[in-house]
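Peer 1: Listed below, chain by chain, are the residues.
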Amino acid sequence: MSCETFHHSEALTLGVELELQLLNTHDYDLAPYAEDMLRLLCKIPLPGSVTPEITRSMIEISTGVCRNSGEVLGQLRQIRDALVKCADKLNIAVAGGGTHPFQQWHERRICGRPRFQDLSQLYGYLCKQFTVFGQHVHIGCPDADAALLMLHRMSRYIPHFIALSASSPYVQGQDTAFDSARLNSVSAFPMSGRAPCLLTWDEFSAWFDKMARTGVVNSMKDFYWDIRPKPEYGTIEIRVFDTPLSIERAAALAGYAQSLAAYLLAEQPFTPSEDDYLAYTYNRFQACRFGLDAIYVDPASGSHIPLRDHILQTLEHIAPHAASCGATDALNMLRGETEANQNDARWLRERQREEQLLAEVSRQAALRFRGAG
Amino acid sequence: MNLWTQWLRPSAGFPTVQWSLLLAAATLTGHLVQRHSGLPKVVGYTLVGAIAGFLGFGGVGWPLQGVGLFLVELGVAVVLFEAGGRIPLRWFGHNPMVLVQSVAESALTWFAVYQTMLWLDLPAAVASPLALVAMAASPAVLGRVVADTRAAGLVTERAIVLVTLSSLYALTLGCAQAELIRHPDAGWIGAAGAVLLALGVSVAIGLLLALALRLALRVMSPASENTAILLLALIAAGTAIAAHLGGSAPLAALLGGILLRQSQPRPWAWPRQLGAASSLLTMLILVLVATVAAQAEWSGPVAGAALALIAARLLAKAVGVGLGNVGSGASWRQALCVNCALMPMSAISLLVASQFVVASAATGHLIAGIALPAILLMEVLGAVIATIAIHRAGESAKPWSLLVGKSEQEQP
Chain A
38 MSCETFHHSE ALTLGVELEL QLLNTHDYDL APYAEDMLRL LCKIPLPGSV TPEITRSMIE
98 ISTGVCRNSG EVLGQLRQIR DALVKCADKL NIAVAGGGTH PFQQWHERRI CGRPRFQDLS
158 QLYGYLCKQF TVFGQHVHIG CPDADAALLM LHRMSRYIPH FIALSASSPY VQGQDTAFDS
218 ARLNSVSAFP MSGRAPCLLT WDEFSAWFDK MARTGVVNSM KDFYWDIRPK PEYGTIEIRV
278 FDTPLSIERA AALAGYAQSL AAYLLAEQPF TPSEDDYLAY TYNRFQACRF GLDAIYVDPA
338 SGSHIPLRDH ILQTLEHIAP HAASCGATDA LNMLRGETEA NQNDARWLRE RQREEQLLAE
398 VSRQAALRFR GAG
Chain B
23 MNLWTQWLRP SAGFPTVQWS LLLAAATLTG HLVQRHSGLP KVVGYTLVGA IAGFLGFGGV
83 GWPLQGVGLF LVELGVAVVL FEAGGRIPLR WFGHNPMVLV QSVAESALTW FAVYQTMLWL
143 DLPAAVASPL ALVAMAASPA VLGRVVADTR AAGLVTERAI VLVTLSSLYA LTLGCAQAEL
203 IRHPDAGWIG AAGAVLLALG VSVAIGLLLA LALRLALRVM SPASENTAIL LLALIAAGTA
263 IAAHLGGSAP LAALLGGILL RQSQPRPWAW PRQLGAASSL LTMLILVLVA TVAAQAEWSG
323 PVAGAALALI AARLLAKAVG VGLGNVGSGA SWRQALCVNC ALMPMSAISL LVASQFVVAS
383 AATGHLIAGI ALPAILLMEV LGAVIATIAI HRAGESAKPW SLLVGKSEQE QP
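Chains as they are written, first to last, in our numbering: chain A, 38 to 410; chain B, 23 to 434.
Treat the hints with caution; some may be incorrect.
[Claimed, not checked] Quick partial rundown of chain B residues pointing at chain A, CB under 10 Å, derived from the structure:
| no. | residue |
| --- | --- |
| 1 | Trp113 |
| 2 | Gly175 |
| 3 | Leu176 |
| 4 | Glu179 |
| 5 | Ser243 |
| 6 | Trp290 |
| 7 | Ser350 |
| 8 | Gly351 |
| 9 | Gln356 |
| 10 | Glu417 |
No wet-lab data here; the hints were simulated from the structure.
Even for Gly, the Cβ is constructed at its ideal location relative to N, Cα and C.
Throw the hints in and build the complete structure from the sequences for me.
Peer 2: Have a look at this one:
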């Protein structure tokens, strides 16, 4: 199995995938309704697609190819409204959030599709523990080499994406003290982490072929990297976002990623190197653990600065590119919340402090997802 | 020499010993049945209760009265309160076909059983109560099957709602009809007054129960054990008061659950806390129902009528569920499984039958003669059918060895 050909896509186009929670409306635990939702949704014409995920209480929605975050929001709104309508019919609820706050992993059921059954056979309980919910953002790249350059440049901003999207403070009924505990579930998989620092497609293809010869991987799908190239679509796919609690935030995060990509593509601000990854794991941990309160280690200078300040500086710096991408509103939203030190993880903790009942937190999260909370 | 009397202290008495041993045998049998056959524990409970009944166990009389009646009503009330809490009326606005499905299966069941009984030359005064007995499915049996299989999904939720609604109809109509039978000479106004009084008492107690819990939940967490105990205590008080004032305790609890659900959007977290207490009560009523039902006088014609009742009920519920399934969001395969999950009959049917037996001495023995064997048979057979349906719908936590083979069951 050799590396796929990198297909053409229009530079800086966007695609967004959201993994969502299906909840019963009785005690707001996860509910295995993915197949029922898909049966109802297939009768409604929608942009993008709706597909099952590894366990039966999850569902994934995807937009089509979009040009800006406004278009992403429009498509997500259309899909969200259809989801809510079908969920109402089945007496269930749909919610965002990177983890379900109190579900028990051993109660989950693996989806019946052969790929998921195979993964379950291989990974055992890790698959059921993988009932976590992420947002993936695809960004179109002009060519394969440009995709790898963008991938490695973008890796400096991984802590931004984690802190801004963090919405998984609770796992199995407990406060983890992390803002994004979801990524700890991903780390358990052997093919997780980050891509090798190879800057041309030829080098990458040669590396992939060697990996494939070992029999460890068959396709790009087998890599659960934080950012991975997606040759099939001609994109890079950023996978570290927790699914936010609202589609508005999901679209804003996509707008931020697109603006950053526009900046990196236009200004080519640095050449990536292996040294960029010296502090990568530490920065990633800081963002997961402390969210916007994390410390960011600049890989170039080694200086330590508050992540919040680094995000605000970056937002300021890329503002002209955001304007050209039509993402100014999206960045204003993120700037406002960053200045207020607010993210979804904080909102969930505030709700729990008020309600003292995680099931009620889930109910309110579901209301927020449908635009009523 | 008063050593003997000093040693033999006053105790709860022989009936307590009998019941304790019976429950111990039932729980052991239930465990063994599930472990070695994959059948629900309910089957074991019913078998032990039925054997005790056949052997002349005298722990409870027929028609139900006194402590036996209170225990059945209390157990059913707890089950129905929980079940009522799973009925969000808002859902029927989004999916009215579920309500259509419920009304269709219950109405058709009443009509089909009524006509079948008339066809068997039974008088209308017997056919009509039997039709109500058949209308009710068993939330207690279904609840235990769901707990045993750790089921979740569309079929499970839909079946719980339909079973609960059929109980609501059967209890309401049964309460009203029993009052009419009790007051044959009261005239329309007097009879209507008696019916309204009985239903009014049930509604009022349900309302008070919901109100009391709503107030309690302002200061108590629904996830706390104390809230669960408060809930049990209030339901027990409501059961005793309803019985005293001539209302229906199960109906009051069911309405209380529905009303609380509508007024309290916060998630229903306490069933997990009710835990062992609720399980014990449910097991008690399932054993008790089997014990009582097994005391029926069995004969060929009675068995034939009971089987005819079961067949008519099965067919009518299938048609009703099928009719209402169009546009309800469930597949036809799921509708079939929902129908199978509606098969169990148990305590509610027994309570409805008991009401009629008390209300009319003339027809009571005929009603009991057919109703009790049907209830006994469908408590055990219904549990098995419901279990198979839930497994077939793919909603149980694990596959069942009898259906898929031992090797597949043992896979991770």
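Peer 1: Hints first: check each against the structure and report whether it holds.
Peer 2: Hints versus structure:
A cut of 10 Å between beta carbons decides the hint on B:Trp113: the least distance to chain A is about 4 Å, and the hint holds. Using the Cβ-Cβ criterion of 10 Å, the hint placing B:Gly175 at the interface with chain A is satisfied: the shortest such distance is roughly 5 Å. The closest approach between the C-beta of B:Leu176 and any C-beta of chain A is roughly 5 Å, which is under the 10 Å cut-off, so the hint is satisfied. Look at B:Glu179: its Cβ gets to within about 7 Å of chain A, closer than 10 Å, so that hint holds up.
Contact between B:Ser243 and chain A, as hinted, is supported at the beta carbon level, the nearest pair being about 6 Å apart and thus within 10 Å. This hint holds: B:Trp290 has a C-beta 5 Å from the nearest C-beta of chain A, less than the 10 Å allowed. The restraint placing B:Ser350 at the interface with chain A holds, with a minimum CB-CB distance near 8 Å, inside the 10 Å limit. Checking B:Gly351 against chain A: minimum C-beta separation of about 5 Å stays under 10 Å; hint holds.
Taking 10 Å as the C-beta contact cut-off toward chain A, the hint placing B:Gln356 at the interface holds, the least distance being around 8 Å. For B:Glu417, the suggested interface contact is upheld, since its CB lies about 7 Å from the closest CB of chain A, less than 10 Å.
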